[in-house]
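Novice: Sequence:
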Amino acid sequence: MIALTGIRTSYDGLEDLVRAGALGPDPGTLRVAVAFTTRQAVRHDGRGTGYRNEVLSLRLAEAVGSCAVEPGALPDSAVEECVGADVARLLEHPLLPVRVAALDAYLMHVLPHTPANGARPVPLPAGSSLEKSRARAQAVVGLLDLPPGATVLVVGVVNSLLEALRSRGLRYVPCDLKGGATEWDEPVVADALAAAGRCDALLVSGMTLGNGTFEPLRRHALAHGKQLVMFAQTGSAVLPRFLGQGVSAVCAEPYPFFWLDGGPGVLHRYDGSCPGGGR
Numbered sequence: 001m002i003a004l005t006g007i008r009t010s011y012d013g014l015e016d017l018v019r020a021g022a023l024g025p026d027p028g029t030l031r032v033a034v035a036f037t038t039r040q041a042v043r044h045d046g047r048g049t050g051y052r053n054e055v056l057s058l059r060l061a062e063a064v065g066s067c068a069v070e071p072g073a074l075p076d077s078a079v080e081e082c083v084g085a086d087v088a089r090l091l092e093h094p095l096l097p098v099r100v101a102a103l104d105a106y107l108m109h110v111l112p113h114t115p116a117n118g119a120r121p122v123p124l125p126a127g128s129s130l131e132k133s134r135a136r137a138q139a140v141v142g143l144l145d146l147p148p149g150a151t152v153l154v155v156g157v158v159n160s161l162l163e164a165l166r167s168r169g170l171r172y173v174p175c176d177l178k179g180g181a182t183e184w185d186e187p188v189v190a191d192a193l194a195a196a197g198r199c200d201a202l203l204v205s206g207m208t209l210g211n212g213t214f215e216p217l218r219r220h221a222l223a224h225g226k227q228l229v230m231f232a233q234t235g236s237a238v239l240p241r242f243l244g245q246g247v248s249a250v251c252a253e254p255y256p257f258f259w260l261d262g263g264p265g266v267l268h269r270y271d272g273s274c275p276g277g278g279r
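First residue of the sequence shown: 1, per this note's numbering; consecutive thereafter.
It is worth saying that the hints were derived from the structure and are not from the lab. Here the structure is a predicted model, which is why all the values come from computation and not from measurement. Heads up, a few of these hints could be off.
[What the hints assert, rightly or not] Taking lysine to aspartate or glutamate and the EDC-like style, the derived pairs with C-alpha atoms no more than 16 Å apart in a straight line are:
(1) Lys226 / Glu215
(2) Lys226 / Glu186
(3) Lys226 / Asp145
(4) Lys178 / Glu163
(5) Lys226 / Asp271
(6) Lys178 / Glu70
[Said to hold, decoys possible] Computed Cβ-Cβ distance ranges for the label pairs, DEER-style:
(7) Thr114 / Pro71: 30 to 36 Å
(8) Ala73 / Val189: 17 to 23 Å
(9) Ala20 / Glu70: 30 to 36 Å
(10) Leu193 / Gly84: 37 to 43 Å
(11) Asp26 / Gly262: 38 to 44 Å
(12) Ala73 / Leu260: 16 to 22 Å
(13) Gly21 / Gly84: 26 to 32 Å
(14) Pro125 / Arg166: 18 to 24 Å
(15) Gly169 / Ala190: 25 to 31 Å
(16) Gly21 / Thr114: 18 to 24 Å
Idealized CB from N, CA, C, for every residue including glycine.
When you get a sec, could you build the whole thing from the sequences and use the hints?
Specialist: Structure (structure tokens):
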């Protein structure tokens, strides 16, 4: 694994390393062959509320990099602008989700989710959308090392994650930029950083890469010695690069995501304890 051990860097710093070819081939020599969006609406059986997803994905050789966006926020022209463009050019794109997806595709290409690169595969069984959501939630929450009664800030409200936290005797503060309420009418706060101070650990969606809120949370966790566990469809190959630099563990889920298919799948967990884990 090409690790960042000993190098303290930010998200922007990681982009700079890639631009310089410090982690692999010159990104100006690699072109995106396919760009596409995936749009989904879901309401699991037995749940009173639903949600929508929209994800931009870029294909680079055998790798697919992805970044989730707010539904309807990505202009149709963005997909066409990505096709045939080299990664270096896309890392300068005016839209942050395009830059994130390009960085994710590049890192997926040079640092795939393998044991040699610090990843531990976790089989995801076949099942309904709700069954697979709950199985993923158990894999994610299992990366937290907390005593019962501890409080977790959950950034990016996923009801199955909240259920899994409750099953382990953990309290939580749900947070999402849209605010609102959870399935169980619990208030959802909108300012993650403001709520982080009263929480013992952070459980954070990779979507924070695409909306620019990841770095403040990483710096908070690093400064206060708190666990920061990332669950990542967005930036699944990006976030393991921050293990030991504020991020304590990552549950990476590259495309295709669990909600696209009822068959078996695989997640990739990183906790920094195995060879190549980034510490």
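Novice: Could you run down the list of hints and mark each one as holding or not?
Specialist: Status of the hints after comparison with the structure:
no. : hint                        : in the structure
1   : Lys226 / Glu215             : holds (14 Å)
2   : Lys226 / Glu186             : violated (24 Å)
3   : Lys226 / Asp145             : holds (11 Å)
4   : Lys178 / Glu163             : violated (20 Å)
5   : Lys226 / Asp271             : holds (14 Å)
6   : Lys178 / Glu70              : holds (10 Å)
7   : Thr114 / Pro71: 30 to 36 Å  : holds (33 Å)
8   : Ala73 / Val189: 17 to 23 Å  : holds (22 Å)
9   : Ala20 / Glu70: 30 to 36 Å   : holds (32 Å)
10  : Leu193 / Gly84: 37 to 43 Å  : holds (39 Å)
11  : Asp26 / Gly262: 38 to 44 Å  : holds (40 Å)
12  : Ala73 / Leu260: 16 to 22 Å  : holds (21 Å)
13  : Gly21 / Gly84: 26 to 32 Å   : violated (21 Å)
14  : Pro125 / Arg166: 18 to 24 Å : holds (22 Å)
15  : Gly169 / Ala190: 25 to 31 Å : holds (27 Å)
16  : Gly21 / Thr114: 18 to 24 Å  : holds (21 Å)
Violated hints, in rising order: 2, 4, 13; the structure is consistent with all others.
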